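Asks: The residues making up each chain are set out below.
There are 2 protein chains.
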Amino acid sequence: MLEVEDKTPLPKPDGPETESLAFRDEEGELNPEFLAAAADAIEASEVERLQRLVEDFHESELGDLLEALEPDQRPRLIELLGASFDFAALTEVDEAVREEILEELETATVAEGVRELDSDDAVTILESMREEEQAEVLDQLPAIERVALQRSLDYPEDSAGRRMQTEFIAVPPFWTVGQTIDFMRETDDLPETFYEIFVIDPAAHLLGSVPLDRLLRSKRPVTIQDVMNAEPDRVEATEHQEEVARLFERYNLVSSAVVDDAGRLVGVILVDDIVDVLEEEADADIKQLGGVKSDEELSDTILYIQRSRFPWLFANMCTAFLAAGVIRLFSDSLERMVALAILMPIVASMGGNAGTQTMTVAVRALATRELGRANAWRIIRREAAVGLLNGLVFAIILGTLAGLWFQSPQLGFVIGLALVTVLVFAALGGIFVPLTLNRFGVDPAVSSGPFVTSITDIVGFFAFLGIATAWFHL
Amino acid sequence: MLEVEDKTPLPKPDGPETESLAFRDEEGELNPEFLAAAADAIEASEVERLQRLVEDFHESELGDLLEALEPDQRPRLIELLGASFDFAALTEVDEAVREEILEELETATVAEGVRELDSDDAVTILESMREEEQAEVLDQLPAIERVALQRSLDYPEDSAGRRMQTEFIAVPPFWTVGQTIDFMRETDDLPETFYEIFVIDPAAHLLGSVPLDRLLRSKRPVTIQDVMNAEPDRVEATEHQEEVARLFERYNLVSSAVVDDAGRLVGVILVDDIVDVLEEEADADIKQLGGVKSDEELSDTILYIQRSRFPWLFANMCTAFLAAGVIRLFSDSLERMVALAILMPIVASMGGNAGTQTMTVAVRALATRELGRANAWRIIRREAAVGLLNGLVFAIILGTLAGLWFQSPQLGFVIGLALVTVLVFAALGGIFVPLTLNRFGVDPAVSSGPFVTSITDIVGFFAFLGIATAWFHL
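Keeping their order, the protein sequence lines are chains A and B. Sequential numbering from -1 applies to the first sequence in my numbering. Sequential numbering from -1 applies to the second sequence in my numbering.
Okay, chain A solo, but in the shape it has when bound:
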């Protein structure tokens, strides 16, 4: 258990308002009673009661509370808490929630709050504001902070430059370990957390890095030059955050220098931001595969969600019409043999599901770079073989069942034949569609679904109705 759950109860004040409500229940879910108490305190503008409730809250808990409140209560909570509100909590909420809250707050309040933050958190907040308001907040900050934040904001969205922290420790290579440690002991304004110190030349070019544990293990007279890692992990500030995340993951990093195009040290990226990037990315893949936009959040409004889910349903409608067109080609057969109409959705749905299985594996393997030129053919062959095998197995099962149901062994044979065909096509579609989209630079997670199901629907109806028409001379 983490410390938050061990926390000693707050000293109870007098009066009936004594509260020792837990923020989360045993399963880690937000406690509805706590939420109600917080909402009450906000509605009644009871500052002290509110402060007692959220005293010692970690920024992530404060963030979760903000998300759970009604939209109009969120800025009120911040105003009521005043200087005791930790603006880092705003980095823990959904982007839509953050934008809404920032709309409501005075720029002076935001400027005050942002000043207390590490630069990466400040940037996260500033990038959620409209440009004019962003400029107003920046204007109210001291020059040094303003320049550093502005520089981060000038890097492209979702780049390393936006995620980096501009607070870091950099020393010249000729310092000794002792000098460096003394410097850190004497400087008040050190970054809140750091895992390595950097070594730079007078023009700020990155020369090396020294992890803290190595610094601690070295004797005082040794020069930094002699203990530094001369090939430090570094990323370019313009690099996309997903690429940076993959590097952290691959090389088990906790911190990496960020350099500009001239190799000058401009910031540091820490692993906690990378953990968030990885989560965001996985979240995006999951949602996109399910036909939901990657930025859809629980806090979005009904109208926003309706609009954002529309395109996928529309694409699906178009492919469904295509499939219906295929069915129409066989109108006569359907009229003569209604069993075909009853059984055809089974064939199509088996194909759709098998195609989705293959596609899911392919999309994920492409995202994690496990699938590439070196093994594409092996995976294609493997999927085709799996499709053929499962096709044969289900041909026997489904053929038998359908034959018995309609007391027609021939119908069973026809559906079996159709099933083998559709499962092989489903496997091929499931792998070729994502590979092709990826080759052309289209994100396969977003758009593979409709293509794959339209292939499986069309092949499914065509194979089943076509084979049946030929077999029974319909």
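Just so you know, the hints here were simulated from the structure itself, not pulled from any lab data. Just so you know, not all the hints are guaranteed correct.
All copies of an identical chain are treated as equivalent in the list; a pair is satisfied when it fits inside any one copy or across any two copies.
[To be verified] Under the rule of at most 20 Å between Cα atoms (straight-line distance), these lysine to any residue pairs were calculated in the SDA-like manner:
no., residue 1, residue 2
1, LYS217, GLN177
2, LYS291, ARG305
3, LYS291, GLN177
4, LYS291, THR107
5, LYS217, GLY206
6, LYS291, ASP281
7, LYS217, THR174
8, LYS291, ALA383
9, LYS291, ASP92
10, LYS291, ASP84
11, LYS217, ILE179
12, LYS291, ARG22
13, LYS291, ASN436
14, LYS291, THR398
15, LYS217, PHE32
16, LYS217, LEU33
Just so it is clear, the structure is predicted and the values come from calculations on it, not from any experiment.
Place chain B on chain A using the hints.
Replies: Chain B in isolation, oriented as in the chain A frame:
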């Protein structure tokens, strides 16, 4: 760019075999030419050439190479490289690959390799071995290491105890900062990486922790007691790794103490292992939503995959038969009006897709604990409203198109009415199914899919064919 890509080319040996092949191409994909060269060197047992190829490889690159090789080449690579093979690479490959390789290697080789590793990596390797072989390897290790590894292995699978590293630095509270730093300078056998040191009493109970940056900033005569965090982050060794990962994520941790049930310090979990856990978990959710078992890997055999994908397809077949049963109820209507057979798959497929959208959002929000008792009703109402809205929008679009296609405004009206019905049911099914499964302790990612699509299929066919039959008096 990371250092690996900046690496200066190796000194070129004489002869025609000079190689300066890149391991990855610009897109981060494995270079097929490199792979071919490595495979050649293995087949020809050319130890030196092989060593030159993988010289300075990071364990993750060595792991990627192992995965890309043919199965019989993998143990050969390890044997050829001998002592220069870093066994940490085995922690970077899929579990199935690891098991296969370990089957082939001599236990003496494994024991030798495992000795060099941090305990968490050693445990990852040992837990992939059969019990007898695991015991053989443990027998060949020095007693201290054997005991520590055995203790980790005694914790349940996927628990914090399995993921922890048993190498850590713990000091008594009365030591000074100076003493502690001197101790670290003089001790050779420190953990490879660490971000905090722990404070314990004589019985090893965890009293506190000191992050390295705080240690560095403190003056030498200060006692540890005065700088330590007296409520250090801690997890129980029996806690599931996913819970631990959520805590790291929530509180931005890089390292956490692991304690036994008596509060004694037994190990430390570092963030790099947590990054892997988060990836595994996201991977599992993505695969399960797509109807694939969470442990399916690109390296699995055709037969294994065929068998593992069978149950989902079988479940889908059963629900498809149910839906076909519904269609059969309306055989007469279908015979009289073949347009119904043509249009009915459109209705079902729209419902299936809308249901999947809602389900995806719900499953993901349950996994990240964003959806809980406190907001379930709000989300249910929101999803129902989105379903109703999109139902109305598509009723108009689809109704118009179908009406024009079959030149029957009445048919358009019928399909529109059916569509509103099915999209509302899809939304409700998409949220209630995961919520209910979750309430009963069943993982919603694994089993929501078949339930949701069977609801949408059955409601879709029933609504469309039922309304049509009533409307047209079929």
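Asks: Measure nothing new, just compare the shortest in-copy and cross-copy C-alpha distances for LYS291 and ASP84 to 20 Å and report within, between, both or neither.
Replies: neither (30 Å within a copy, 42 Å between copies)
Asks: My question is about LYS291 and ARG305: at a cut-off of 20 Å on alpha-carbon distance, are they close within one copy, between copies, both, or neither?
Replies: within (10 Å within a copy, 33 Å between copies)
Asks: Using 20 Å as the alpha-carbon threshold, which applies to LYS217 and THR174: within, between, both, or neither?
Replies: both (9 Å within a copy, 17 Å between copies)
Asks: Have a look at LYS217 and ILE179 and pick one of within, between, both or neither, based on CA distance no larger than 20 Å.
Replies: both (11 Å within a copy, 10 Å between copies)
Asks: Reference check for the pair LYS291 and ASN436, CA-CA at most 20 Å: within, between, both, or neither?
Replies: within (18 Å within a copy, 24 Å between copies)
Asks: State whether the alpha carbon distance between LYS291 and GLN177 is at most 20 Å within one copy, between copies, both, or neither.
Replies: For LYS291 and GLN177, neither the intra-copy (53 Å) nor the inter-copy (56 Å) Cα distance is at most 20 Å.
Asks: First find the shortest C-alpha distance between LYS217 and LEU33 inside one copy, then the shortest across copies, and answer within, between, both or neither for a cut-off of 20 Å.
Replies: Classified as neither: same-chain Cα gap 53 Å, cross-chain 44 Å, threshold 20 Å.
Asks: Between copies, within a copy, both or neither: which fits LYS291 and ARG22 at Cα up to 20 Å?
Replies: neither (29 Å within a copy, 31 Å between copies)
Asks: With 20 Å as the alpha-carbon cut-off, assign the pair LYS217 and PHE32 to within, between, both or neither.
Replies: neither (52 Å within a copy, 43 Å between copies)
Asks: At 20 Å max between alpha carbons, let me know whether LYS291 reaches THR398 within a copy, between copies, both or neither.
Replies: neither (41 Å within a copy, 27 Å between copies)
Asks: At most 20 Å between C-alpha atoms: does LYS291 with ASP92 qualify within a copy, between copies, both, or neither?
Replies: within (14 Å within a copy, 30 Å between copies)
Asks: Tell me, please, which holds for LYS217 and GLY206 at an alpha-carbon limit of 20 Å: within, between, both or neither?
Replies: within (19 Å within a copy, 26 Å between copies)
When the structure is compared with the earlier hints, violations turn up for hints 3, 4, 10, 12, 14, 15, 16 and for no others.
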